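Visitor: Below are the chains, spelled out letter by letter.
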Amino acid sequence: MVDQQPRNKAELDARFAELYRTHLRDVYSYSYYRVGNHHDAEDLTEQTFLQAYRHFERALRESNGRPLRPWLIRIAHNLAANFYRDRSRRPESAIEDAGMLSAPHTTESLVEGREELKAILAGVQELPDDRREALIMRFALGMDNREIARAMGRTDGATKVLLHRAIRQLEGLVSESAGTAAERS
Amino acid sequence: MSASAPDFESLLREALSPVDPPADLVQRLESTLVSLTELAQDELDSWELSAMRDPRNWVRPAAAAVVGVSAGTALVALRVRARHRTRRQQSASLLELAGRTVRDVADEARRILPDH
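Protein chains in written order, with the working numbering: chain A, 1 to 185; chain B, 1001 to 1116.
Just so you know, the hints here were simulated from the structure itself, not pulled from any lab data.
These numbers were taken from a predicted model, which means no experiment stands behind them.
All C-beta atoms, glycine included, are put in the ideal place defined by N, C-alpha and C.
One or more hints might be untrue.
[Unchecked claim] SDA-like cross-link-like pairs, simulated, lysine to any residue; straight-line CA separation at most 20 angstroms:
#1 Lys160(A) to Phe1008(B)
#2 Lys9(A) to Arg74(A)
#3 Lys9(A) to Arg1013(B)
#4 Lys160(A) to Arg132(A)
#5 Lys9(A) to Ala59(A)
#6 Lys160(A) to Glu147(A)
#7 Lys160(A) to Glu183(A)
#8 Lys9(A) to Leu1036(B)
#9 Lys9(A) to Tyr53(A)
#10 Lys9(A) to Thr1032(B)
#11 Lys160(A) to Ser1031(B)
#12 Lys160(A) to Glu1009(B)
#13 Lys9(A) to Ser1017(B)
#14 Lys160(A) to Asp1007(B)
#15 Lys160(A) to Glu115(A)
#16 Lys9(A) to His55(A)
#17 Lys9(A) to Asn82(A)
#18 Lys160(A) to Asn82(A)
#19 Lys160(A) to Ser1010(B)
#20 Lys9(A) to Asn64(A)
#21 Lys160(A) to Arg58(A)
#22 Lys9(A) to Ser1035(B)
[To be verified] Some chain B residues near chain A, calculated using beta-carbon distances under 7 angstroms:
#23 Leu1012
#24 Arg1013
#25 Leu1016
#26 Pro1018
#27 Val1019
#28 Pro1021
#29 Leu1029
#30 Val1034
[To be verified] Footprint (simulated), chain B over chain A, 3 or more residues, beta carbon under 8 angstroms:
#31 74-84
#32 147-158
Please put together the full structure from these sequences, using the hints given.
Guide: So this is what it looks like as structure tokens:
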């Protein structure tokens, strides 16, 4: 952990470049699963890093050496909330219909032919926002409870409960979906 | 689904695999970040021309130019990596920029300083 404050603009920018390199994939993954399509995920990722760049010095100063990933994800979270508020919309489908696109950098190829994974992705989109976000942070980004708590502005205990309930609810949704599919066939 | 919790979490982890950002986003974003630094450099140059007439400001442009170039170098490293350009090429253009800035400062200083 580097906790020394940068001594000049060059060091500050070098630290930002490091943050960018380390967490670009995290921010993009979060954005993608949050908004459900690549086009908006790209916009959200770009805006997140531009905003982060503007406030990086202050964030470093106030972080006291703690990792900045929760701060970055919180920026993305706030921007995503504004995005939906401004455009009066929410993610409408499960991750671009979970398999309809074939871009090489996506997860669509991964879930193709995996009905249980498609059902999980569809279920994730049905969860309340806070539960969905907690699951994305835990399983897509590999954040621990403490990081998630910081990103969401909650206590560690509340985050643990949130994650537990999110998983249980998702299990229920997937189970329901599987039952419905079995009845149809 | 009858999967136990650990199995379900494994599936969840698989379903929510990390997503690599598309190359064009990486290129665009890194260019934007570099542009921010270059914009700051342009503003710095403008500031120099007006402020150099005040002797109290003579130290600042030179120091700022050095900082600006260094900061640019840090961000340019991102662009170099993304676009597979050589670091040497980028450094050369930055050095030219630095050289131009320093020459401008020196020319302006010579122009406004009284002859002794």
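Visitor: Next, verify each hint and record whether it holds.
Guide: Now for the hints, and whether the structure bears them out:
no. : hint                    : result
1   : Lys160(A) to Phe1008(B) : holds (17 angstroms)
2   : Lys9(A) to Arg74(A)     : violated (24 angstroms)
3   : Lys9(A) to Arg1013(B)   : violated (39 angstroms)
4   : Lys160(A) to Arg132(A)  : holds (14 angstroms)
5   : Lys9(A) to Ala59(A)     : holds (15 angstroms)
6   : Lys160(A) to Glu147(A)  : holds (11 angstroms)
7   : Lys160(A) to Glu183(A)  : violated (35 angstroms)
8   : Lys9(A) to Leu1036(B)   : holds (13 angstroms)
9   : Lys9(A) to Tyr53(A)     : holds (12 angstroms)
10  : Lys9(A) to Thr1032(B)   : holds (18 angstroms)
11  : Lys160(A) to Ser1031(B) : violated (39 angstroms)
12  : Lys160(A) to Glu1009(B) : holds (15 angstroms)
13  : Lys9(A) to Ser1017(B)   : violated (36 angstroms)
14  : Lys160(A) to Asp1007(B) : holds (19 angstroms)
15  : Lys160(A) to Glu115(A)  : violated (28 angstroms)
16  : Lys9(A) to His55(A)     : holds (13 angstroms)
17  : Lys9(A) to Asn82(A)     : violated (30 angstroms)
18  : Lys160(A) to Asn82(A)   : violated (26 angstroms)
19  : Lys160(A) to Ser1010(B) : holds (18 angstroms)
20  : Lys9(A) to Asn64(A)     : holds (19 angstroms)
21  : Lys160(A) to Arg58(A)   : violated (29 angstroms)
22  : Lys9(A) to Ser1035(B)   : holds (15 angstroms)
23  : Leu1012                 : holds (5 angstroms)
24  : Arg1013                 : holds (5 angstroms)
25  : Leu1016                 : holds (4 angstroms)
26  : Pro1018                 : holds (5 angstroms)
27  : Val1019                 : holds (5 angstroms)
28  : Pro1021                 : holds (4 angstroms)
29  : Leu1029                 : holds (5 angstroms)
30  : Val1034                 : violated (10 angstroms)
31  : 74-84                   : violated (count 0)
32  : 147-158                 : violated (count 0)
Hints 2, 3, 7, 11, 13, 15, 17, 18, 21, 30, 31, 32 from the earlier list are contradicted by this structure; the remaining hints agree with it.
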